[in-house]
Amino acid sequence: MSASAVFVLDLKGKVLICRNYKGDVDMVEIDHFLPLLMQQEEEGLICPVMSHGNVHFLWIKHNNLYLVATTNKNSNASLVYSFLYKLVEVFTEYFKELEEESIQDNFVVVYELLDELMDFGFPQTTDSKILQEYITQEGAKLEVAKSKVPTTVTNAVSWRSEGIKYKKNEVFIDVIESINVLVNANGSVMSSDIVGSIKLKTMLSGMPELRLGLNDRVLFALTGRDKGKTVAMEDVKFHQCVRLSRFESDRTISFIPPDGESELMSYRINTHVKPLIWIESVIEKFSHSRVEIMVKAKGQFKKQSVANNVEVRVPVPSDADSPKFKTSTGHAKYVPEKNLVVWTIKSFPGGKEYLMRAHFGLPSVENDEMEGKPPITVNFEIPYFTVSGIQVRYMKIIEKSGYQALPWVRYITQSGDYQLRTNA
Amino acid sequence: MPYLGSEDMVRELRRALSNPNVQSDHLRYRNTILKVVRAMSQGVDVSGLFSEMVKACATVDVVQKKLVYVFLCSYASLNPELSLLVINTLRKDCQDPNPMVRSLALRNMTNLRLPSLVEYVEQPLTAGLRDRAACVRRVAVLGWAKLHKLQASSDIDAAVVNELYSLLRDPDPVVMVNCLRALEEILKEEGGVAINKPIAHHLLNRLKECDVWGQCEVLKILERYRPQSEDELFDILSLLDPSLLSPHPPVMAATLSLFLSLCSGLPAASLSALERVRGPLLAACGSASREMRFTALCHIQLLLRSLPGLMGAHYKRFFCGYAEPAYIKQRKMQLLVELVNDENVALVLDELKGYCTDVNTDTAQAAISAIGRIGRSYSDRCLEILTGLLGLKQEHITSAVVQTVRDLVWVCPQCSEAVCLALEGCEETVQDSQGRQALLWLLGVYGERVSSAPYVLEVFIDGLRSEVSPGVKMELLTATMRLFLCRPAETQDMLGRLLHYCIEEETDMCVRDQALFYYRLLHCGIEETRKVLQGRRSDPSLGVLIGRPAEPVNQWARSFNTLEPLKQSAAETESTSGGSPEPVTSVPRPNTDLSLSSLSPSPVDKPPNGVALCFLLLGALEKAEEEDYVCMEEHVHCPAPPRCSPQSLQAALQLVNVQTLAFTPPQTLPWRVYLYTHTRNTHRSTLILGELLYTGEERVKKQPRDDTALKGFLSILATVLHTLSSERA
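Protein sequence lines correspond, in order, to chains R and E.
So in full-length UniProt numbering the end of the first sequence lands on 424, straight run, no missing numbers.
So in full-length UniProt numbering the end of the second sequence lands on 729, straight run, no missing numbers.
One chain only, chain E, in its complex shape (with noise of 0.2 Å):
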């Protein structure tokens, strides 16, 4: 941030940096350099001084020697000529007899950051490894590492690197773990560390003689170390059993996470691990920092994945307090969500209930929307409440609620009886554009059963050009069309008049297309018209299924204890909450199947084996700043295609994470099933949407962008037909 006059400033300051008198007087001299390093903390630029200030850090007084090696550092890179005069004054600290300077130089000198300087960094932080004092070869080790991320293509020493893992069994706890740090560094191309059995045994050895921080550094890298023997396994597992009770979460979750990974084969180990640490998470929950609270909630959604009872017992823990922060809130709520049970919904509902009249509207909206969630299993109970939240007349409120309701009735078409009733008169509150979508949708759907519904139709069609957002115009388009099938004589008048408009008027090319659409749709006749719009509607004799199955831990162990699970867990209540309305695009539309086979590419030849799977698969990436999507073809080999029942295909699909969207009847030809699933890395999410396709032929495109999830997801595929067609043959 530029400075008004910090040109004088600095002209100022070097004068009196400069001035022999000053110079003198260690006094003066050094309240000048304070006066520098402040005005560097402000944001003015002082780098002009650097060579005054070089010159300062030949001193004796420690503090001030600090004070000039911040200001070096900061600047070092614009000047690094001028650096080369701090490498005699900073080598002859390396001298000093009094260990904290010495370890002062060894720091700054390698955190110049300048490449040019290494070969004289080199012997120092060589005769510091052999220091004496630990704080020396403390600073000395992490040096080493340093310097290879300064230059990282250059060879280091094996000499160093020797020397290094010697000093693993350094005396002193810290220069240990700084060893391990510096070592992961060096040695990244090499996957790191190399961890035996002797060095994984001193490590374990020494844990408890490490500061917090230090253990979590040992404990992270023994995941790499894979136990020779059963009873050696069981032996490390008994030794970590005491740190799964750290009351230090970082180690509790560090020791869980080392669990997980020496248990991967032992899905029971890791099962009483997890039950384990229940303790510790939920007072992790219950810790003072509301980070750590929200971190161990992120964690707790995460074993929920593979253990949904694991909290079951403790849902009370979840109840939010009054000043919580909304992230907080929002989160626990899902949780109270997944640990809804026959005993404690009356009392969950309830606690619900009160967080959906929060000031904070977000909350509000996240408590209904999770009252919805657990409609899907509690319906009647929900309903109650959600059509009671009605009578608040609340804007945000009613909104949110006319969506969930939505979202409910979709998955309980029992349900729609008491949400008609409840629907009257929604309209005067219902003001933004999500909230209208949905009620439009409803009125639609259930127009016949909504007395007043063509009067409320008639009010947005009479408001329709001071009507901005497109998504609701289209909404109403449907809505109408679909009232005109049941209700003609009250609304096709106003049916017309809303075409005309959208036709002749409207600016928008979907909305247009979309109102062109239907017009030639009644031109085709009333019965055409029905077979569109009514398509089939959700199956009552479908039932949801409620809860998820319990995924494998391995899903999720790679990122627990990471970044990720916050991230992860934030990116979903962002499409719960402002998401699309799900049952909108899921209404079966005649254009989706048409979109799908006009994307499948033109036959290839027969593969010489004669019996093949093809495939078009589909990777789109989510998330990504422009969203990107690209399609591929892909054969795998497989005797022939499975003769299994939909169900069993369908279960053994989700046992891999795949999800069946539509097939066809076994023994048809061509056999088609459409499957999409997820996979989930650090920076994007891709969405692989796939048709496979059985008639002989096969096809190939490919999608460069994210090769490995889609190379897994194949083999997968592949794996889980060979073993169905194999049973079956």
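In isolation and in its complexed conformation, chain R is listed as follows (with noise of 0.2 Å):
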């Protein structure tokens, strides 16, 4: 792994903090990094390494900021990647935004991270949890008796400490899917698949156990049952507290969950998924003159759903003025600044039928800069709807004081990364 240093830099290029891990790279040479940013820029090949001399620049972006860690071996990218966005990760739970103000600000606790995130070029503790037990930003306040030695340091279940105490035992489970569909203009579906993610919400006291049954298939042909609808997860991705072994072995979702909210596990499905909104588009561009929009949004799935707060994002030329829109349901909006039509329906039933029109003028002078022909996107929101039909059976939940917990449970398909290609 070894970065020999982190950076984070303004947009000018100005390091707002900085840690030499190891100092066999000189820290000047961070001098060299925007430059070489802004020539790579020019010539339309930004890369996210960067090498001056023997010294490569790996970098990431994030809000206003650069993450750069330099390193002069021939590191392993993916690791000092991951470290980067463990950074961003860790920082956005400390700030709530990381971005230039938010360091600037919180410049003490920064270099307290800084420090225990990683030593001579190696990642110590990144749990923002453990982490947080012991640099607060609270200890910015005068504290003498700051000084109680976390637990979890130490500790076997490290993301959890002991004597966690409520008065009502609660938990909350939110499983999210998020569809991502790529159509492209001839209204062929090119790619379609779930992401899924299970979140928790723990309300529990002390170091209870908990057991999360799904309708997972592979476990229904395990246990020989092949009754009622299962869905077969691809790439699992488990939170640690989650038993891998028990997991591989007999399916068994059992762990001893972090306090507050996590994400216990993620999932893909890689599924040919019907696109839940289905969008036609006629775009017919008139030179000089005008474009037309015809756009015809229908809800494909169940009557009983309702999908909340859609928006259908459809493109327009950059030089299009005096917007006129109808629409059947809903409200279009026309927003220059990103040469979009945001036609939001606050509520779109399932198997309903909306349209809209558009009506744009162009200018007799024709704008003879190149223009891309970005994507209609769509966003939404179904509530108590999973799209691939996963379902949480049961969420056990022990602990030795015997106490009595709740557990609820929210479904919610959301659009991702939703994007259908225009003829125009």
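Simulated from the structure, these hints should not be mistaken for laboratory data.
A portion of the hints provided could be inaccurate.
[Said to hold, decoys possible] Computed far set for chain E versus chain R, every beta-carbon distance over 10 Å:
| # | residue |
| --- | --- |
| 1 | GLU12 |
| 2 | GLY48 |
| 3 | LEU67 |
| 4 | ARG113 |
| 5 | LYS220 |
| 6 | ALA253 |
| 7 | THR357 |
| 8 | GLY391 |
| 9 | LEU533 |
[Said to hold, decoys possible] Listed below are the simulated DSSO-like cross-link pairs for lysine-lysine, each with C-alpha atoms no more than 27 Å apart in a straight line:
| # | chain 1 | residue 1 | chain 2 | residue 2 |
| --- | --- | --- | --- | --- |
| 10 | E | LYS188 | R | LYS129 |
| 11 | R | LYS61 | E | LYS567 |
| 12 | R | LYS86 | E | LYS567 |
| 13 | R | LYS373 | E | LYS393 |
| 14 | E | LYS208 | R | LYS129 |
| 15 | R | LYS373 | E | LYS353 |
| 16 | E | LYS66 | R | LYS96 |
| 17 | E | LYS220 | R | LYS73 |
| 18 | E | LYS149 | R | LYS73 |
| 19 | R | LYS298 | R | LYS326 |
| 20 | R | LYS199 | E | LYS208 |
| 21 | E | LYS393 | R | LYS86 |
| 22 | E | LYS220 | E | LYS188 |
| 23 | E | LYS353 | R | LYS285 |
| 24 | R | LYS237 | R | LYS199 |
| 25 | E | LYS220 | E | LYS197 |
| 26 | E | LYS208 | R | LYS237 |
| 27 | R | LYS373 | R | LYS296 |
| 28 | R | LYS285 | E | LYS393 |
| 29 | R | LYS396 | R | LYS373 |
| 30 | E | LYS66 | R | LYS237 |
| 31 | E | LYS353 | R | LYS86 |
| 32 | R | LYS298 | E | LYS197 |
| 33 | R | LYS338 | E | LYS208 |
| 34 | E | LYS188 | R | LYS73 |
| 35 | E | LYS316 | R | LYS274 |
| 36 | R | LYS352 | R | LYS296 |
| 37 | E | LYS316 | R | LYS373 |
| 38 | R | LYS12 | E | LYS316 |
For every residue, glycine included, the Cβ atom is placed at its ideal position computed from N, Cα and C.
Please dock the two separately framed chains into a single complex, following the hints provided.
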């Protein structure tokens, strides 16, 4: 792995904060970073790895910041990127929003965190739950007694500390599925998949043992049950609290949950799904005079379900003007800074079909800049429904004190990367 | 960065720090320190406050301590003497009952990076290794690595090394992994930490306890272990099998890397491991972070070199999203080219066609050249798309199409008919020099079939004075000469003007020399000229080798899961997008032969064993700042020159990744083969050009820059020749 130093830069390339972990790369090398980046940007060949001499910069961009790791070794690139994203994750959990201002306002905590996250170029404690136990923003207030040893640094259950107490023991389970769809201009689905995640909000006392039951196809096949709808999950990822060996042997998801909010697992289902909201569009461009847009949206899901906050974003030429709209429901708005028409429908029941027409004027002198063909994108959210049909069959909670706890389950399906290419 | 008024600021801070009133008020004191550190992070030089800050570290407030240490570590190298004062406080902190304070003190003690302080640090570090708190042991273990790095020459205490080895059995997994990291650093000279069977098995058993970073580290280090028996090997493999499907791409990649190194003797096992990671790799291609996606794509490219069919069914995963960055799109297109087959070609081409009009011109050009590559196997469909694109009359598109078409007709001469039809009218849209060079080359070679060719060239010649690119001028000279040979009546006048201008007025020497060369050539008569200029064109009967032969996994296994694949493929795209036009350089020119023979050195004595093969090796170092090449000669002892057919020689050499350029017919003397090969390592790539010569004499020259590459090349070559000649014997 071995990163020599980690830098946080603002968009002008000024170092906001940095940490020299190994001391084998000169810290002034970072001055070459932005010029290199600008040069690549001009050539249109930006690359997440850049080299100056024998120093390599591996960088990511987050909001108005660049996070850069330098190394002079042939390090493991994917590990360095993972670490940089881990930084973003930890900082975001601390400051809500990771950006220039939050770094400057909290530089004490940032220094402390950088110190704990990595030593001598090797990642050390990177779990933000643990870090939060001994590095707090309140630390900025004077507090001599702040010398409690976090048990978790040495604990067997590193993600949960002992002695947590709640008056009312509850656990909230959110099953969220996002669908990614790519439809080409002649209406055929090029690719589609479902990315699901199960999130927990745990408000349980003590050290509870939890067991989650899903309608997992492999599990049902193992136990010889075949009634009811089952789901075949791929690429299942778990939070570190889940006992992987048990999952591998008998597909049981058992764990001691971290306190508060966490993502228990995520999965991907790579089947052909019918796009839940189908869009047909006709975009006619009459050069020098006008553009006419007709968009038809159809809800291809059960009649009982309702999609909320549906937003259909239709691209228009950048030099279009004088918009006129007609919609069968919802309302359309022109967003000139993004060259989009946003058609919003607050509630969209399954099986229904709606129509929007838009009319734009075009200037007689044509814009000779080349424009891309951005796709139509759709955002939506369908509560009480999962596309894959995944279900939480049970959630068992056992704690040695024997309290009763209630699990609450909520299902949501939402749009992920949902693109439909246009013929214009 | 000098800060306006920074001196005033430093003065004011110093006054505040040394003010007893401030010192007695914890909150004010800490706020002042905060100001100092903030100024430091903003780039103000506050090193002058070092002595004041040293005093501030004697405090019970942990946060204040941390801040002061950050300051001290940044400026310690400027104030080695004053830093000695800190040591006392740090050593006292190492005795603190609070383990957090102990680990903090130890960490910063080693972060000061001052060789003069080493003697004071060793004792607390030794104590730290035996501390009861894991967090202190973690720091202490890495502390030894830092200490060793600081004075790499000094011998490290064997007792410490032993202690570190025994700490591999520490209950805390991070201590264990840190021990591995520290031993790697300390024992670098001896090849890193020694992995014997008990250690390897211990590490394997504890793999699950480690976090992602630790797992990767352990897996990486286990690559050094060689199982003693086949049973042990398979036990390890089955233990690691679940990690191959790990949801964390770095762990998955590290496991695969370990698999490949363990199975280096079992190609079948490594191939099945590659099959197993297909799913996780594809998942990584869809990961939320674009950098991870990019890394995954680059590694898939690597895998495809050995297993071209690996992703065949999943080509749709490599279709580009609208908002993806150009570097991902280009990598995906390269992959799509590799994955084309009879079933998906229509869909892939349709998709690529969509990218040709991308707003990013580089992406558009990459898409066009990708279509050109596919055209080598599906020429009709691709030509249709390419010629269709010309209708858009977009400058960068037309230019890319012309270049692509030129590359295509060179390998697929049967396309020339369609290309000639499409060329009309392109000259108005193509503006950049690369595109115009390609257009000129096409007009020169296929001039008889493009009716407007002389008029196009005339426009170029008329505008010669304002032409800046010497490349275009040279190409124009060659094209006009060629056209003159087939359409003399229309071209004679303008050729005269062109030669006159280039010889009399041109300032660029290359252009002038080329013009003079052609002028003299014309003096030798039209037949001679024709012989030179219309040398052999590519032979339609020589089919193109579609798809590279699958490379053995060992070819790239070492660079798997490092930075290299990311850089490597970037270099490849550069050479395809901005590279030199290949056909132009490979058009047979009479002087290429001359340049080679002129390099042949004088003969030396015959070796005692009678028969020998002689080499002229030319190693050229690419991609270095300055171009750099050296000639060398080496002889390989070989009982007799291989008397096999050129095809079997070529095939044999290709097996070891040596490409043949040309050879004399067998049984002739002197018998020659021209060959080349690439070697790649992290910092540079070496191109070795060689002439294999059999006359009975030998020659030697040396290239000192990349000895290992050459030696490897020579030994491989010797092996091949031996095998071949012994087969024939």
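Verification of the supplied hints:
1. GLU12: holds (20 Å)
2. GLY48: holds (19 Å)
3. LEU67: violated (6 Å)
4. ARG113: For E:ARG113, whose nearest Cβ neighbour in chain R is about 5 Å away, the distance does not exceed 10 Å, so it is violated.
5. LYS220: violated (7 Å)
6. ALA253: Non-interface label on E:ALA253 violated, nearest chain R Cβ at 6 Å vs cutoff 10 Å.
7. THR357: violated (7 Å)
8. GLY391: holds (15 Å)
9. LEU533: Holds, since 36 Å exceeds 10 Å.
10. E:LYS188 <-> R:LYS129: violated (35 Å)
11. R:LYS61 <-> E:LYS567: Distance ~19 Å between R:LYS61 and E:LYS567 Cα, so the pair holds.
12. R:LYS86 <-> E:LYS567: holds (23 Å)
13. R:LYS373 <-> E:LYS393: Distance of about 17 Å is within 27 Å: holds.
14. E:LYS208 <-> R:LYS129: With Cα atoms ~20 Å apart, E:LYS208 and R:LYS129 stay inside 27 Å; holds.
15. R:LYS373 <-> E:LYS353: OK: R:LYS373 and E:LYS353 at ~13 Å, within 27 Å.
16. E:LYS66 <-> R:LYS96: holds (24 Å)
17. E:LYS220 <-> R:LYS73: holds (15 Å)
18. E:LYS149 <-> R:LYS73: Between E:LYS149 and R:LYS73 the Cα gap is close to 15 Å, so the pair holds against 27 Å.
19. R:LYS298 <-> R:LYS326: holds (17 Å)
20. R:LYS199 <-> E:LYS208: holds (23 Å)
21. E:LYS393 <-> R:LYS86: violated (47 Å)
22. E:LYS220 <-> E:LYS188: holds (15 Å)
23. E:LYS353 <-> R:LYS285: Roughly 21 Å separates the two Cα atoms, so the pair holds.
24. R:LYS237 <-> R:LYS199: holds (12 Å)
25. E:LYS220 <-> E:LYS197: Satisfied, since the Cα-Cα distance of roughly 16 Å is no more than 27 Å.
26. E:LYS208 <-> R:LYS237: holds (15 Å)
27. R:LYS373 <-> R:LYS296: holds (19 Å)
28. R:LYS285 <-> E:LYS393: Status holds; Cα separation ~19 Å.
29. R:LYS396 <-> R:LYS373: Roughly 51 Å separates the two Cα atoms, so the pair is violated.
30. E:LYS66 <-> R:LYS237: violated (37 Å)
31. E:LYS353 <-> R:LYS86: violated (38 Å)
32. R:LYS298 <-> E:LYS197: Violated, because 64 Å separates the two Cα atoms, which is more than 27 Å.
33. R:LYS338 <-> E:LYS208: Not satisfied, since the Cα-Cα distance of roughly 48 Å exceeds 27 Å.
34. E:LYS188 <-> R:LYS73: holds (14 Å)
35. E:LYS316 <-> R:LYS274: Holds: E:LYS316 and R:LYS274 sit about 17 Å apart, inside 27 Å.
36. R:LYS352 <-> R:LYS296: Given that 27 Å is the threshold and the Cα spacing comes to 11 Å, the pair holds.
37. E:LYS316 <-> R:LYS373: Holds: E:LYS316 and R:LYS373 sit about 20 Å apart, inside 27 Å.
38. R:LYS12 <-> E:LYS316: violated (38 Å)
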